[in-house]
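Residue numbers (my numbering), protein chains in the order written: chain A, 1 to 292; chain B, 293 to 573.
Hints in this document: simulated from the structure, not taken from any laboratory.
Just so it is clear, CB atoms sit at the ideal spot from N, CA and C, and this is done for glycine as well.
Don't take each hint at face value.
[To be verified] Derived lysine to any residue pairs resembling SDA-like cross-links, with alpha carbons at most 25 Å apart: (1) A:Lys95 / A:Leu13; (2) B:Lys398 / A:Leu13; (3) B:Lys301 / A:Gly193.
[Stated by the list, open to error] Selected chain A positions facing chain B (Cβ under 8 Å, derived; list incomplete): (4) Ser6; (5) Asp7; (6) Val26; (7) Leu111; (8) Ala246; (9) Ala253; (10) Gly262; (11) Leu270; (12) Cys273.
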Amino acid sequence: MDKVMSDKRVIALYVLPALLLIVILVYIPIIMTGYYSLMKWDGIGERTFIALDNYRQLLKDNMFWKSVYHSFLLAVFSVFSLGGYLVVSLILAGKVKGANILRKIYLIPMLLSSVAIAQLWLRIYHPSNGMLNQLLSFLGVEDTPNWLADPSIVLYSVFIPIIWQYAGFYILIYYAALKNIPSSIIEAAIIDGANPWQLAYKIKLPLIAGVIKVTVVLAVVGSLKYFDLIYVMTGGGPDGASEVIASYMYQKAFRSFNFGYGSAIAFSLLILCIAATWLIRKLTHTEEEVQY
Amino acid sequence: MKRTIIYAKKAGMFLFYMVLFAVAGLQILPLIWLLFFSLKNNHEVFNTPLFSLPSPPRWENYVKVWVEGDIGRYFFNSLWITTVSVVFTVLLASFVTFAITRMNWKLKHVVLGLFMVGLMIPIHSTLIPLFNFFMKVKLIDHPMSIVLTNIGFNLPITIMILLGFYNALPRELEESAIMDGCSVHRMFFQVILPMTSPVIVTTTIINMIYNWNEFVFVNTFINSDEYKTLTVGIQNFIGQYTTDWGAIGATLMISVLPVLILFFFLSNKIMEGITAGAIKG
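Bound conformation, chain A alone (with noise of 0.2 Å):
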């Protein structure tokens, strides 16, 4: 039995291929990004060793920085809005009848591509025909807002199509999570005498609480990266007042031609969702998940 299953020739066969694509398609481009960070090139001509010169522009760079904060403040909505996520499932997990059925309308959105929900968004978010307005006006709202014209929200009107994406994936995990808890707790607890805040605050929460961690890590992590619905949406307009670090890249490469400058955008996205990841799990460490 063992030998066979040490035929080194046979776990070559089934490792490699996807081994292979993964390096090649992955890992190589990775590092890749970096070298190219380090020239000055139009995707086309010659390339040139600049070394650390973009980098030395990228810190100087208003419109990076703008597009980071930009970045920074959708993961820290998106955080806050994992609070929300959490409360619909703990009304959900506990004794709701037809949990099911909601459980899937609020997972509907998720399936759709990010370009159809853009375009939809798009046609919601219409300054005169649009879901909307339509409804601000006919409940008496006279100066209806520009949405995605004006600076001063479009982050925010982007924000609301990429929760209503969302909630329904976290959702489904938090109530996935409570009611993996064993029932035999929450009775005893509330044998015990809890009332609901605080059996859902010290006790269902810190049950959970590596999910939690999870979530957290994906929502920060996913705002960081964020491409698909923006571009879609708003381009990163008007005027660069919806552009995240994704975005910004995608443009200064592919627009602009400075594919240099791309990749090393593109390479401290890179470092960024590590670090944030690395941090977040090290801020909430706890020496021990808590046992049951």
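Following the hints, put chain B in place on chain A, whose structure we already have.
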């Protein structure tokens, strides 16, 4: 005293239900609006009440979009690219997961780690080199570039989901199969793979959704209409028809309908898959 407690409890429950239904309503409302305006013409969209039923339902919007807008071609591209990508992703991931969980070799943890770290990598940080690479091997504007990146980038999550299942599988069957002189390959294909069919269904669904909705790679690597998928096709198409709301609505409906139909039939499996991805990780 007791009565007030009971009333308070009922009021609380009522409030909870209101919240839950409100959220559900908000999730669905935009889609209902979409369905409605996809079946109206511009005049009706601009002049009739927001949620009035389309009457008559203008199915010609859908026909126009499919024929004139060539959505049919984009649909077909999405379909075959998704199918090929999913088949290979699940297959290759199964191979690797089997090797990692069942076979004896020293580097297995390193390789596993390599795949798991892959989960953290933002795809945008690989776009530029990949673009350059595909240009060199002449795969730019070729659907293979999309299939390859689909597979490469979905391997980590697929392997992660498969891992939990493979670890929980009992080993007696394989052991007896080997004792009986079965080769590893036969054992994999005839014993293991069938036993993993539940998780294969899950990962297939997850991959289908991801690949169907894939945008960035297609947008970057594909230029000609011939190979565009639905996601990018919608973009261009809507760019052309910005003022025809009915057509836009029909396009969007066509692009989301397949996944919605899939969901209608397989919702439980889909929900299972999504939670598996996040919790077991």
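Structure-based check of each hint:
1. Restraint check: the Cα-Cα separation between Lys95 (chain A) and Leu13 (chain A) comes to about 51 Å, which exceeds 25 Å; the hinted pair is violated.
2. A threshold of 25 Å between alpha carbons decides the hint, and for Lys398 (chain B) with Leu13 (chain A) the separation of about 16 Å falls inside it, so the pair holds.
3. The straight-line distance between the Cα atoms of Lys301 (chain B) and Gly193 (chain A) is roughly 16 Å, inside the 25 Å bound, and the hint therefore holds.
4. Below 8 Å, beta-carbon pairs count as interface contacts, and Ser6 (chain A) has one with chain B at about 4 Å; its hint therefore holds.
5. At a threshold of 8 Å, the smallest CB-CB gap from Asp7 (chain A) to chain B is about 7 Å, leaving the interface hint in force.
6. Nearest Cβ of chain B to the Cβ of Val26 (chain A): about 5 Å, under the 8 Å cut. The hint holds.
7. Taking 8 Å as the C-beta cut-off, the interface hint given for Leu111 (chain A) holds, the closest approach to chain B being about 5 Å.
8. The beta carbon of Ala246 (chain A) is positioned within 8 Å of a beta carbon in chain B (closest approach about 5 Å), and the interface hint is therefore held.
9. The criterion of a C-beta within 8 Å of any C-beta in chain B is met by Ala253 (chain A), whose closest approach is roughly 5 Å, and the hint holds.
10. Satisfaction of the interface hint for Gly262 (chain A) is found here, the shortest Cβ-Cβ separation to chain B being roughly 6 Å, below the 8 Å cut-off.
11. For Leu270 (chain A), the suggested interface contact is upheld, since its CB lies about 4 Å from the closest CB of chain B, less than 8 Å.
12. Interface restraint check for Cys273 (chain A): the shortest CB-CB distance to chain B comes to about 5 Å, inside 8 Å, so the restraint holds.
When each numbered hint is compared with the structure, a violation occurs for hint 1 only.
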